[in-house]
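Number of protein chains: 2
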Amino acid sequence: MEWSVNRESDKPIYQQIFEYIEEKIAYGEFPPGSRLPSERKMAEQLNVNRMTIVHVYDELQASGLVERKKGSGTRVSTHKWGILPKGVTNWRKYIEGGSFLPTYPLIKRIRDEAKVMKDGYNMAGGELSTDLFPASFLQASFNQHAFPSNLGYVHPQGHLEFRETLASYVKEYHDINVTSSSILITSGAQQALYLITQCLLNPGDAVAIEAPSYSYSLPLFQSAGLRIFALPVDAEGINPDDIVTLYRKHQIRMIFLNPTFQSPTGGVMTEPRRERVLEIAAELGIPIVEDDPVSLLSFDGKTHYPLKSIDKSGNVLYVGSLSKVIASSLRVGWIMGPESVINRLADARQQIDFGLSIFPQLIANQFIQSPEYPKHLAFLKQELLERRNEMVLALNEYLGDKVEFSVPKGGLFCWCKIKQKVDDQKLVEEAIKNKILFMPGSVYGSPNGYVRFTYARLQREAIKEAVLKFAKVLDKV
Amino acid sequence: MEWSVNRESDKPIYQQIFEYIEEKIAYGEFPPGSRLPSERKMAEQLNVNRMTIVHVYDELQASGLVERKKGSGTRVSTHKWGILPKGVTNWRKYIEGGSFLPTYPLIKRIRDEAKVMKDGYNMAGGELSTDLFPASFLQASFNQHAFPSNLGYVHPQGHLEFRETLASYVKEYHDINVTSSSILITSGAQQALYLITQCLLNPGDAVAIEAPSYSYSLPLFQSAGLRIFALPVDAEGINPDDIVTLYRKHQIRMIFLNPTFQSPTGGVMTEPRRERVLEIAAELGIPIVEDDPVSLLSFDGKTHYPLKSIDKSGNVLYVGSLSKVIASSLRVGWIMGPESVINRLADARQQIDFGLSIFPQLIANQFIQSPEYPKHLAFLKQELLERRNEMVLALNEYLGDKVEFSVPKGGLFCWCKIKQKVDDQKLVEEAIKNKILFMPGSVYGSPNGYVRFTYARLQREAIKEAVLKFAKVLDKV
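Chains L and G supply the protein sequences, listed in that same order. Counting from 1, one number per residue, gives the positions in the first sequence under the working numbering. Counting from 478, one number per residue, gives the positions in the second sequence under the working numbering.
Pulled out of the complex, with its shape left as it was, chain L reads as follows (with noise of 0.2 angstroms):
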């Protein structure tokens, strides 16, 4: 709710709040029937007293525009579901239908207090803090190019000349060899997986992901309706011959890996075992998915190169973003394969969302072809590392005793098991009261115990700040 009480107005605040809910029932918004936040959630919502609301709901009881009921709350009225009178749109009955499944409640619950959180420590969110984005350099390199007098609908792929650049840009920076007929522009990675797991899998169908995984916490896979079996992930990433395990158990037909910098460990998967799971998935004939949003991201000089740059057989897909290395809301990424299936995916594509606009993708286009690009890497890392290590410190100093850590090389995130006994709910739950947001390792498939911190958000001084608090709070539960 994004309406605010206007505290300069003559007109008294109950009798805008009235005024607003008035309005949203008329015009449908509040369909008939339906619940409205109960008085003190409106309450904090709108950020009035409590009682202005009771105040607010008597009127509308009054007036006849909502009904109440003990245990029940309040409801617009006078229809109520279930025994819904002509006239209207059973609703309710439309949204809990569909093959998606919502959001898991503890995501939710940390995904809306970070929306609303003041002054607050967000340890939680996979993106970079506000002063990490190159707003400036991007629009200075877009205002440099004219916008193309063709603005009718693109390339299903994706607008060729920006595929032909990230064709460049992925044999320079990946040494990935590919054509840009074999290259979809997708809405971030978050597409490409919806893609992947829609069109080339059946429900029913069993995949492995890694434990924990950054996957595990996507209901897509569950509302594709696929079946998820475990690879464990150590020091040296999954162990390869648990795919063949798997495999032989339960016929496992896509495998999914984010083998550098992994979400949420932040673990690298070492040589020997990149070549020996391309090995393993290449004789089983099982196609993997290699996620790689942050592999640019290496703080010790170490280029990680992904699984696609050695597969020989056309046996990957590789999928990679620009949302953790210029900006999430950009909203580009990419899928990278053989081209029946980039055809099969864009095509099915046409029917989700006629492709990506072309906007996003021209900026993109222009911006890691420019000098400024390398230039803001850097920095970037630079600035990551220096955040990485005042995390490193803050734990030591804070938690030395209580977490164990490996200091991440590369990437956003550093993950932590707590070594006393705890309850992830509480603990989030206890953290917001403090506000602070991290996300538990039990939404990535971990078992209770284990958080996952991420170091990009915060300005170095309120790392050190956000991790002493976090000390007290588990110190509390």
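If you are wondering where the hints come from, they were derived from the structure by calculation, not from laboratory data. Any given hint might turn out to be false.
Unchecked claim - In silico SDA-like links for lysine to any residue, alpha-carbon gap of 25 angstroms or less:
| id | chain 1 | residue 1 | chain 2 | residue 2 |
| --- | --- | --- | --- | --- |
| 1 | L | K41 | L | N122 |
| 2 | G | K648 | L | N202 |
| 3 | L | K171 | G | E496 |
Mind docking chain G on chain L? Use the hints.
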């Protein structure tokens, strides 16, 4: 295939093509066992003599890279689909899976032709010609504003400022009352329809669409497993009583309507029918999805207000977009409806693509508020009116005794009934031979013998030529 032969190179053409294919095989873009295009097709795609390709394929076979068999074409060696050896993914099995139906062959045929056709007459696709896009206006209003410094993920429903602008926009142009929290920004109307069919309906549900209608041409209804029933359209739109009949017979759960300048017929539903449709839908509790892409493009000064503007029960989900009034490659559309529905769709949408890029939203936000926007609309309407007049003149002159049509009072399309008996498929193929593209009525659910012409894509002079050419094609079949 976008690679092309370099005719200025010293390297022989067949050698260039050989290396191109060799590279694609090496990269895994043509995986082992996959079939290469036929010699004829490859020659066409690369715009070379067929004998050159015969030579290349001979060389590829000699080098062991491909295998050729009578009747089954040329395949990358040494593996075949079906009896696939170890070491490679059987991609075909994956491509044929998933829940997405491919685009209808006839539509794909026309779209593919549109991509490669040079000096032809495109009266098929529903988009504007290059000169009608306000590229310089867009750029000017965009460059006046600094990029926002925060380029992190935007709100799941879309950029707040843009949603607020849109709320005023639909009030001003369509007399629709809505607040920003009841708006979801989508990637065009296509994504709006995708989200609604995927998230609010279940496989097996019955829905009603206009006959003929653009919706009929969308495989997304079938992909979602919906059963589709017809609401025949006459000169006044659909007949409201048909809704009751369909409801009794099939328990239809949703109605899809395009009341103003409908695609493909160009017709407008009359006001009494609009009121009656709303009454009936409300009485039966069936939601209406109102698709309204072109109602602003009225030629006779008359404003046609959407169903949504007179709906007080919250039964209408209103779908709009800027594709036909600004540019299709902007990819900006929206759904407006009850907050609970919008929240559900926004949550599902996060799983699909994590939201629309902020840049098209910023560009649209700035342009539709600028004084240039009404000027652009006026220019666009005038241009389209002149092109419509040109088409009507040409139809009367060259096809007066062979087709029947109503003069469209707005929008992009002219819908013609051919008096003689004709096979749509044959007509399309003969037209393609003569470099003319149009949409046959059968893809919209009409019987054979109807055609949809777009006058938005051709310059005035070209319209006359195109209709004359079409008349000649019609004579032939």
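Evaluation of the provided hints:
1. K41/L <-> N122/L: holds, 22 angstroms
2. K648/G <-> N202/L: Judged against 25 angstroms, a Cα distance of about 44 angstroms means the pair is violated.
3. K171/L <-> E496/G: Between K171/L and E496/G the Cα gap is close to 18 angstroms, so the pair holds against 25 angstroms.
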